[in-house]
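Colleague: Each chain, letter by letter, is given below.
Protein chains: 4
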Amino acid sequence: MPEKVGFVGLGIMGQPMARNLRRAGYPLWVFARREERATPLVEEGATACVSPRAVAENSDIVITIVSDTPDVEAVILGENGIVPGARPGAVVVDMSTISPSATRAIAARLGEQGVEMLDAPVSGGEQGAIDGTLSIMVGGRPEVFERVRPLFQVMGKNVVHVGETGAGQVTKACNQVVIAQTIAAVGEALMLATASGVDPAKVRQALLGGFAASRVLEVHGQRMLDRNFQPGFMARLHQKDMRIVLETAHELGIALPGAAQVAQYINALVGGGDGGLDSSAVVSVQERMSQVGIKSTTA
Amino acid sequence: MPEKVGFVGLGIMGQPMARNLRRAGYPLWVFARREERATPLVEEGATACVSPRAVAENSDIVITIVSDTPDVEAVILGENGIVPGARPGAVVVDMSTISPSATRAIAARLGEQGVEMLDAPVSGGEQGAIDGTLSIMVGGRPEVFERVRPLFQVMGKNVVHVGETGAGQVTKACNQVVIAQTIAAVGEALMLATASGVDPAKVRQALLGGFAASRVLEVHGQRMLDRNFQPGFMARLHQKDMRIVLETAHELGIALPGAAQVAQYINALVGGGDGGLDSSAVVSVQERMSQVGIKSTTA
Amino acid sequence: MPEKVGFVGLGIMGQPMARNLRRAGYPLWVFARREERATPLVEEGATACVSPRAVAENSDIVITIVSDTPDVEAVILGENGIVPGARPGAVVVDMSTISPSATRAIAARLGEQGVEMLDAPVSGGEQGAIDGTLSIMVGGRPEVFERVRPLFQVMGKNVVHVGETGAGQVTKACNQVVIAQTIAAVGEALMLATASGVDPAKVRQALLGGFAASRVLEVHGQRMLDRNFQPGFMARLHQKDMRIVLETAHELGIALPGAAQVAQYINALVGGGDGGLDSSAVVSVQERMSQVGIKSTTA
Amino acid sequence: MPEKVGFVGLGIMGQPMARNLRRAGYPLWVFARREERATPLVEEGATACVSPRAVAENSDIVITIVSDTPDVEAVILGENGIVPGARPGAVVVDMSTISPSATRAIAARLGEQGVEMLDAPVSGGEQGAIDGTLSIMVGGRPEVFERVRPLFQVMGKNVVHVGETGAGQVTKACNQVVIAQTIAAVGEALMLATASGVDPAKVRQALLGGFAASRVLEVHGQRMLDRNFQPGFMARLHQKDMRIVLETAHELGIALPGAAQVAQYINALVGGGDGGLDSSAVVSVQERMSQVGIKSTTA
Chain P
0 MPEKVGFVGL GIMGQPMARN LRRAGYPLWV FARREERATP LVEEGATACV
50 SPRAVAENSD IVITIVSDTP DVEAVILGEN GIVPGARPGA VVVDMSTISP
100 SATRAIAARL GEQGVEMLDA PVSGGEQGAI DGTLSIMVGG RPEVFERVRP
150 LFQVMGKNVV HVGETGAGQV TKACNQVVIA QTIAAVGEAL MLATASGVDP
200 AKVRQALLGG FAASRVLEVH GQRMLDRNFQ PGFMARLHQK DMRIVLETAH
250 ELGIALPGAA QVAQYINALV GGGDGGLDSS AVVSVQERMS QVGIKSTTA
Chain R
0 MPEKVGFVGL GIMGQPMARN LRRAGYPLWV FARREERATP LVEEGATACV
50 SPRAVAENSD IVITIVSDTP DVEAVILGEN GIVPGARPGA VVVDMSTISP
100 SATRAIAARL GEQGVEMLDA PVSGGEQGAI DGTLSIMVGG RPEVFERVRP
150 LFQVMGKNVV HVGETGAGQV TKACNQVVIA QTIAAVGEAL MLATASGVDP
200 AKVRQALLGG FAASRVLEVH GQRMLDRNFQ PGFMARLHQK DMRIVLETAH
250 ELGIALPGAA QVAQYINALV GGGDGGLDSS AVVSVQERMS QVGIKSTTA
Chain F
0 MPEKVGFVGL GIMGQPMARN LRRAGYPLWV FARREERATP LVEEGATACV
50 SPRAVAENSD IVITIVSDTP DVEAVILGEN GIVPGARPGA VVVDMSTISP
100 SATRAIAARL GEQGVEMLDA PVSGGEQGAI DGTLSIMVGG RPEVFERVRP
150 LFQVMGKNVV HVGETGAGQV TKACNQVVIA QTIAAVGEAL MLATASGVDP
200 AKVRQALLGG FAASRVLEVH GQRMLDRNFQ PGFMARLHQK DMRIVLETAH
250 ELGIALPGAA QVAQYINALV GGGDGGLDSS AVVSVQERMS QVGIKSTTA
Chain S
0 MPEKVGFVGL GIMGQPMARN LRRAGYPLWV FARREERATP LVEEGATACV
50 SPRAVAENSD IVITIVSDTP DVEAVILGEN GIVPGARPGA VVVDMSTISP
100 SATRAIAARL GEQGVEMLDA PVSGGEQGAI DGTLSIMVGG RPEVFERVRP
150 LFQVMGKNVV HVGETGAGQV TKACNQVVIA QTIAAVGEAL MLATASGVDP
200 AKVRQALLGG FAASRVLEVH GQRMLDRNFQ PGFMARLHQK DMRIVLETAH
250 ELGIALPGAA QVAQYINALV GGGDGGLDSS AVVSVQERMS QVGIKSTTA
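Protein chains in written order, with numbering that gives the first Met the number 0: chain P, 0 to 298; chain R, 0 to 298; chain F, 0 to 298; chain S, 0 to 298.
Pulled out of the complex, with its shape left as it was, chain P reads as follows (with noise of 0.2 angstroms):
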């Protein structure tokens, strides 16, 4: 009999991963704070509920995924929220991105009541999330990933147990401290292109065959010669991800100037009024400073 599955969090992300949970043959029950949400998910056969706590007393397997760590909190520990009405034995698995601290004194008090936990956040965006081709970086006990495997197969491609609790967390961490620089590198160079007069398209073409070649300089880098920032990752998550990151290197004691520096300009792309474009938009950031269109000259 197949685990029974709690979703808490119908977002842009939460509502394709359950959808693909359900489409599997998993029982899904589920709450959303704005209840038009989770109607097309109890069309194909969800049972809604009134609050995550409710979710909690149907499911096995509770899944978050909301925005950041008080919205963690609140669905977790909040008065109607998972603690009262999980049963021991059951396991929460929480999909945000947020602070791997928050994360290790969330998993303390559910452990308290006997109720295991997972950090599972995920990258790869709406699309991946629709596609059900996720990365998936696990933290936690190696028998409650076992245990929770499946699901994440459901969800995800790429499924990674990378360590203890809060592993996960820092994993995460670790892609947005990669992704946002080698952004604001792509961007460097294709603007140091436009300036000296190159095709920044025929740049990015060549550099893709070599060293530099990554993802970011594929799908980013396209983004920002197309000036098309939409749909994508919200630079105002990345913000918030970033926050994570600082607050991260602030409690270990760790330098770390470069995703420090990048984190400015996110900041000041937020600001701007264009926290709802794809994060790539930095760019734009980066053309201000030096009065430079990035802009391709072919088509």
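If you're looking for bench data, these hints aren't it; they were derived computationally from the structure. Every value quoted in this text rests on a predicted model; they were computed, and no experiment measured them. Treat the hints with caution; some may be incorrect.
As the list makes no split between identical chains, a pair holds if one copy fits it or if it spans any two.
When the alpha-carbon atoms are kept at most 35 angstroms apart in a straight line, the in silico DSBU-like pairs for lysine-lysine are as follows [unchecked claim]:
{"hint": "1", "residue 1": "Lys3", "residue 2": "Lys156"}
{"hint": "2", "residue 1": "Lys3", "residue 2": "Lys201"}
{"hint": "3", "residue 1": "Lys294", "residue 2": "Lys201"}
{"hint": "4", "residue 1": "Lys156", "residue 2": "Lys201"}
Fit chains R, F and S to the known structure of chain P by using the hints.
Modeller: This is chains R, F and S only, laid out in the frame that chain P set:
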């Protein structure tokens, strides 16, 4: 009848590149400052010359690949250089990595003599030179590019004509901007993982599946984990390339803060006596700053 | 009749500030988490209280100076805090360095009870607190500032009313932005001198005459030469202040790349166990990066 | 009998410096590329010469103050330069701001002819040159410094002998490192104030009392508030000086990330056509990045 090819500069890169041309059947005249570098090629049928001038007197196409701008100026414009020897209609192909503006000045000088020039810097390192799989970024007139293309295809795999004279060097500068910052970003990520108590090898593995995926993460990331920075692309050459990048930004009046920051780390790496290591050893400067040693806990 | 003054927080800064008020003739009710901190003041005539609430019940003006935002929230808004004890018409003067937005929220909460609030963070260190020569940056309503001004003039020398509620904290944040970067700039300059074989003490002397002249060059520059980072302004407090700066930049959507970079060095300093040293010890992170030890060759 | 003084380079700085020497009674031989620059000095009794060589033939001490390293090399080492004209025992005093390593090479070349050299770059701007209140940082042999000291005291106020040949240029580089970063730090602070809704003029006023106090905050901070960047120290000269700083860091193998970052902003300022403004106009690059315009709300 194949073009007669001259080759000036038989260093780590030049020697295997010249050998590939010889083995593809091109008649070859060569010059190296250190005479003994020519011997292996002579044994395969090349003719050693006493000066770049003598090389030019015998060749239709002269390839140069030396260290820095003054070296290129010496072998092309010097007293016993290519200019006094080159025949009208000849082509000089400079495959060194030098300044775009110096390249344009040299091409103008050659043009006065009726000699064409291409700038065609490469990436891919010693291994790529040996295997004939270099990326070659070419600037210059399209018809000249077409004439030299068969030679490029012997030496490299990803051959792109990116624009007018200097465009190849600009593209190479863009390449180095992206690689240097991606290396530093990977360094920060692996350090963040280690300081957080998460195995950096697992983090790298998890990131290889998503947008953070890049050749740098794959290759240089592994070098950082292995503490094995030999062989590779020497830091002192990357330092020189970043100097070209920053001089170009200065000339153009644009801001490249990310590139400028990483260039400082490379300075410190070279200053510490490690200029002969692969430039991904820059991670050791990041580690020193934070007193964190990246270390995988698995194999 | 002088205002009855309450004082919450008798740390390195608070104790000498409270003592100066007592010696200036103000009746004084005090509270410190560690009871023994109150003893010396009680010996000079102050009354020790069991809670911030008890302090507030006895005072017209309550001064708080504690470590961080949660501490201020605890002593003002907590169960035995100032809010339940304060009389309408009382004034709370928070002289801690905390977040401007948290300050505005606390002031709003106090306003609901008819209690006024000023934010009045200080600079000048322990010595300035002892000597009564602090700089005090005050935000809040002008008439409230006028009422408290006589107390400020006992504790400080440079007392400026900079604007509405929160403006004092913003000004303190600006102060820390300038000091942190100037410290790092002086560190780079002295390192450049040393690496060039020039006596950094003479360089500092020469710079003191021109535009580079600053109190930081004078005081912290000398600390760097003397390798004497005690006493001073503790790096861990500067780290906290830079966290506030970066959180504020995040909230406002502005880019402060220079501040962000220096904050990383301070992270590494504190992470290395040196959070108790003066924040000019950040030079040791810069020195580690470049493996250069600043050293005067004279005296 | 006073030393016969030669003066090469009668630009914004050179002309008032030469005039002060003439008015102090020194016999003066002068040369300027643009002849008309010499006229006002000739009217005060100086003798115009046709070349630096002619100046050297008539002088005991030859002062040079021109734009950049190649200019100094031209007037000293060129065909009609100082070298062919200088008498053994003469002293060349270069008051330009150029590279320390180039300075050492020039001094070695002069030494071969029995000509002494001091490097003596200045700070204080046009006004300091007119008023004779420059800061002068001198490198070279102590006895040569003593010989030239009376001339320095006519031109400047803060005259410091900092070490051997090149030490003056190193000190000037340190000066520019501190000033550039302090300017950018003040820019960030005033922007943070403005974005927070606090009057940046009041913030500046409050900061002038504490450790953040500096001549840069006082003078350049006011320029930022007044949006008045003329006259001052031209950004394009600061750009050149930062290039020297970064080249020196490259040569020495040290990391100066703060200086490197600010140099990028200056690039963007100059690239935007504002190289003729005071370098504190760099704040406009910071403002563009964050789309915040610093503006005082008081007079």
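Colleague: Against which earlier hints does the structure fall short, listed by number upward?
Modeller: No hint contradicted; all consistent.
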